[in-house]
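For the record, the sequence lines run as chains A and B.
Count the first sequence with our numbering and you get residues 1 to 358, in order.
Count the second sequence with our numbering and you get residues 1 to 318, in order.
For the record, the hints were derived by calculation from the structure and aren't laboratory data.
Possibly wrong hints are sitting among the right ones.
Part of the chain B face toward chain A, derived, beta carbon under 8 Å [claimed, not checked]:
1) Ile110
2) Phe117
3) Phe131
4) Pro135
5) Pro306
6) Leu309
7) Phe310
Computed far set for chain B versus chain A, every beta-carbon distance over 12 Å [as the list claims (entries may be wrong)]:
8) Ile111
9) Asp134
10) Ala294
Beta-carbon label-pair distances, calculated as ranges [to be verified]:
11) B:Ile3 - A:Leu123: 25 to 35 Å
12) B:Ser160 - A:Gln307: 33 to 43 Å
13) A:Asp25 - B:Thr186: 19 to 29 Å
14) B:Ala74 - A:Val34: 55 to 65 Å
15) B:Ile3 - A:Ala162: 39 to 49 Å
16) B:Phe94 - A:Ile43: 32 to 42 Å
17) A:Val119 - B:Leu80: 50 to 60 Å
18) B:Leu80 - A:Val159: 31 to 41 Å
19) A:Ala116 - B:Asp109: 23 to 33 Å
20) A:Asp16 - B:Asp109: 49 to 59 Å
21) B:Ala18 - A:Leu126: 40 to 50 Å
The beta-carbon is built from N, C-alpha and C at its ideal position, and this holds for glycine as well.
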Amino acid sequence: MLYREAGQFKISYATDQAIFPILQDRIGIIIILVIAFVGIPLIGNDFLTNAVMTPFLIFSLAAIGLNLLTGYTGLLSLGTGAFMGVGAYACYKLTTIFPNVNIIIWVIASGFFSAAVGVAFGLPSLRIKGFYLAIATLAAQFFLEWCFIRIPWLYNYNVSAAIEVPQRELFGIIVTGPRASAETRYLIVLTIVVIMTWMASNIVHGRIGRMWMAVRDMDIAAELMGIRLLPTKLLAFAVSSFYCGVAGALLVFLWYGGAESTVFSINESFTVLFMIIIGGLGSLLGSFLGAALIYILPIILRFVPPQLGLPLHAATVEHLTFMITGALIVFFLIAEPAGLGRLWQIGKQKLRVWPFPY
Amino acid sequence: MDILYKIFLDPFVQMVTAPDLLVQTLWEGMVGGVLYALIALGFVLIFKASGVFNFAQGIMVVFAALTLVGLYNAGISAFLALGLTVAVMFALAFAVERVVLRPLINQSDIILFMATFGLTYFLIGFGQFVFGGDPKVMITEQLYLPKGTVTYKALGGIISLQKLDIAAAIIASAMVAGLAVFFSKTRIGRALRAVADSHEAALSVGISLEQIWVIVWFAAGLVALVTGIMWGARSDVSFALDVIALKALPVLILGGLTSIPGAIVGGLIIGVGEKLWEFYWGPLIGGGTDSWFAFVLALVFLLFRPQGLFGERIIERV
């Protein structure tokens with residue numbers, strides 16, 4: 001009853017092609033944005049902004065990046081963690097060499113470094129496909145991780161071999177470093193993620209997105225239709241790595257505050273891959289849902305036993321978290337292999353016709 | 001000039017002037033390669049029969065070794081514990097087929113791949129929950145595996161070989177030979193190959209896919225158990241094996257995803273290549289290169305031969 005588009009006529013191509021064609025959707029997205037921009041900072045709970053929302057948004061951004069490559073172009077990559085690392089280290093080098101430039105500019109610029117590295121490692125994608133390509137991207141993962149350890153220039157010859165985020169200000173407000181407030185960092189991350197999601201949505205709905213999807217569905221057929229494979233695939237690698245690089249820079253500069261090479265290990269790549277497969281390949285909404293499930297679920301699981309009064313050992317809880325996460329991954333795959341994004345679509349359809357079955 | 005000399009001449013001069021070191025490095029590479037090959041073998045078995053890229057193979061190795069040691073520590077005699085572990089691996093194969101594979105039948109490859117990720121997480125949690133997360137010592141003596149080293153005076157130096165490594169090489173070859181006979185001579189083996197060729201055709205001649213999958217996962221579990229014992233005897237049994245399990249992936253690429261001899265040859269190439277590279281060329285660029293050498297080698301190799309050494313030629317039709 002509430003969710004019905006009766007009376008909403010599409011009278012131009014623009015309205016027909018709109019991303020949110022239904023009024024209720026548009027209202028919904030505005031409500032979500034208002035809650036995110038105004039509501040959550042007003043609650044002012046440091047745990048919520050710093051430990052839950054900020055990393056959730058950053059991982060969503062990385063998931064969108066990988067989804068552009070794997071979900072939309074069909075190129076499986078296991079190098080996400082390393083590409084995030086390239087972003088983080090590039091941002092660190094840039095801001096220590098040019099300390100007076102606005103940090104946000106460097107966060108965005110570091111994405112371009114990541115994109116360049118992504119293109120270099122994406123070159124074999126023309127010749128190899130599927131799992132073979134996934135293993136080839138592992139080469140990027142391990143080689144870059146090795147570079148983060150063995151090239152001291154990258155971390156300014158620190159004794160600790162780690163990068164420390166220096167304090168930077170934006171219009172007089174401290175945004176990075178240990179003295180920045182949780183709300184400031186959250187709002188900056190949120191703004192960047194919202195803008196980049198909007199950009200990603202435009203990319204995938206436009207000509208480039210259609211080219212990517214044609215390549216995903218069958219690359220030989222796409223080639224016969226006049227899509228040049230190499231530029232298309234490399235563009236996917238570039239854009240995807242750009243997103244991952246920005247996510248990596250945000251991860252270190254606005255959340256961790258410092259990082260070693262281990263942060264960008266293979267596990268990071270796998271985590272992001274889980275997010276997009278659970279969320280839904282080829283779905284931007286799915287990137288957010290998947291990130292929420294994989295990142296926020298363990299946090300919740302950690303808090304359930306104390307609430308129920310079960311005196312469980314911390315290590316036991318950790319092990320149970322692993323078990324439950326694994327079981328849930330299998331469960332969701334069986335319940336809906338196309339991911340949470342698809343479940344939401346089905347739910348929406350059900351809501352539209354409710355109370356009738358169809 | 002100096003750097004060129006160091007890259008192209010110096011290592012070979014070293015090899016010729018100190019042949020004992022070369023042989024020692026080759027041997028260590030071989031032993032490492034056997035481990036990679038065994039893990040890769042588990043992958044290949046499952047991939048051939050069910051088309052599932054089983055990411056959990058590495059964790060199955062740890063899980064099998066943990067179960068064995070855990071049961072022994074619980075007071076069961078070594079060989080009974082071995083038998084019980086085999087039973088556990090069968091139960092695992094059965095459960096995986098029932099709970100994971102059967103509901104996901106006919107889904108795309110990446111979904112099944114993802115499901116084995118879920119399985120990996122579950123096994124990590126389950127193994128630690130039941131047996132504890134701390135590293136354990138493998139029961140080598142109780143299983144009558146030899147200890148100590150054999151040293152030879154040869155080539156103007158001393159070459160020392162671990163007896164355990166020799167045993168590992170022998171057992172691994174025996175297992176591969178056994179699997180080869182099983183695949184080519186027995187009824188079940190032929191059914192397995194039929195399933196690998198084509199699911200539909202195998203079904204139409206009355207082969208039960210479910211049964212075959214259980215058998216194949218069980219075989220992979222047995223391979224995992226042997227690998228776990230061998231690997232656990234060289235270092236402790238812990239979940240740090242993940243990284244070594246990942247090394248099996250370039251081995252697969254090199255050998256081809258569907259070829260059992262490929263897994264063996266690929267494992268040996270990667271193992272030996274990695275050790276030689278790290279020993280003779282690694283110091284030039286800062287050491288620690290064995291973390292990525294295998295992957296870069298596989299990547300370069302793929303550019304020239306996308307289907308691997310022995311893999312079936314990939315033919316695409318529109």
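Practice task
Could you check if Pro135 (chain B) really has its C-beta closer than 8 Å to a C-beta on chain A?
Solution key: violated, 14 Å
Problem - Per-residue hint verdict: Phe310 (chain B), partner chain A, C-beta under 8 Å - result: Given a least distance of 14 Å, the restraint on Phe310 (chain B) is violated.
Exercise for the section: Answer holds if the nearest beta-carbon of chain A is closer than 8 Å to that of Phe117 (chain B); otherwise answer violated. Expected result: Check passed: Cβ of Phe117 (chain B) comes within 6 Å of chain A, closer than 8 Å.
Handout entry: Thr186 (chain B) and Asp25 (chain A) - C-beta distance against the hinted 19 to 29 Å
Key = For Thr186 (chain B) against Asp25 (chain A), whose Cβ atoms are near 60 Å apart, the range 19 to 29 Å is violated.
Handout entry: Whether Ile111 (chain B) stays farther than 12 Å from all C-beta atoms of chain A, as the label says
Key = Since the minimum Cβ distance to chain A is about 5 Å, Ile111 (chain B) lies within 12 Å and the statement is violated.
Practice task
Confirm or reject the claim that Phe94 (chain B) and Ile43 (chain A) have a C-beta distance inside 32 to 42 Å.
Solution key: For Ile43 (chain A) against Phe94 (chain B), whose Cβ atoms are near 49 Å apart, the range 32 to 42 Å is violated.
Exercise for the section: Verify the interface restraint on Phe131 (chain B): the C-beta must sit less than 8 Å from at least one C-beta of chain A. Expected result: violated, 10 Å
Practice task
Would you settle whether the hint for Ile110 (chain B) is holds or violated, based on the nearest Cβ-Cβ distance to chain A being less than 8 Å?
Solution key: holds, 7 Å
Practice task
Could you tell me whether the CB distance from Ala18 (chain B) to Leu126 (chain A) stays inside 40 to 50 Å?
Solution key: Check passed, 43 Å falls within 40 to 50 Å.
Practice task
Using the Cβ atoms, figure out if Ser160 (chain B) sits within 33 to 43 Å of Gln307 (chain A).
Solution key: Given about 58 Å between the Cβ atoms, the range is violated.
Practice task
Report holds if the minimum CB distance from Ala294 (chain B) to chain A is greater than 12 Å, and violated otherwise.
Solution key: Contrary to the label, Ala294 (chain B) does not stay out of reach of chain A, its closest Cβ about 8 Å off (not over 12 Å).
Exercise for the section: Determine whether the Cβ-Cβ distance between Ile3 (chain B) and Ala162 (chain A) falls within the hinted range of 39 to 49 Å. Expected result: violated, 30 Å
Checked against the numbered hints given earlier, the structure breaks hints 3, 4, 6, 7, 8, 9, 10, 12, 13, 15, 16, 18, 20 and satisfies all the rest.
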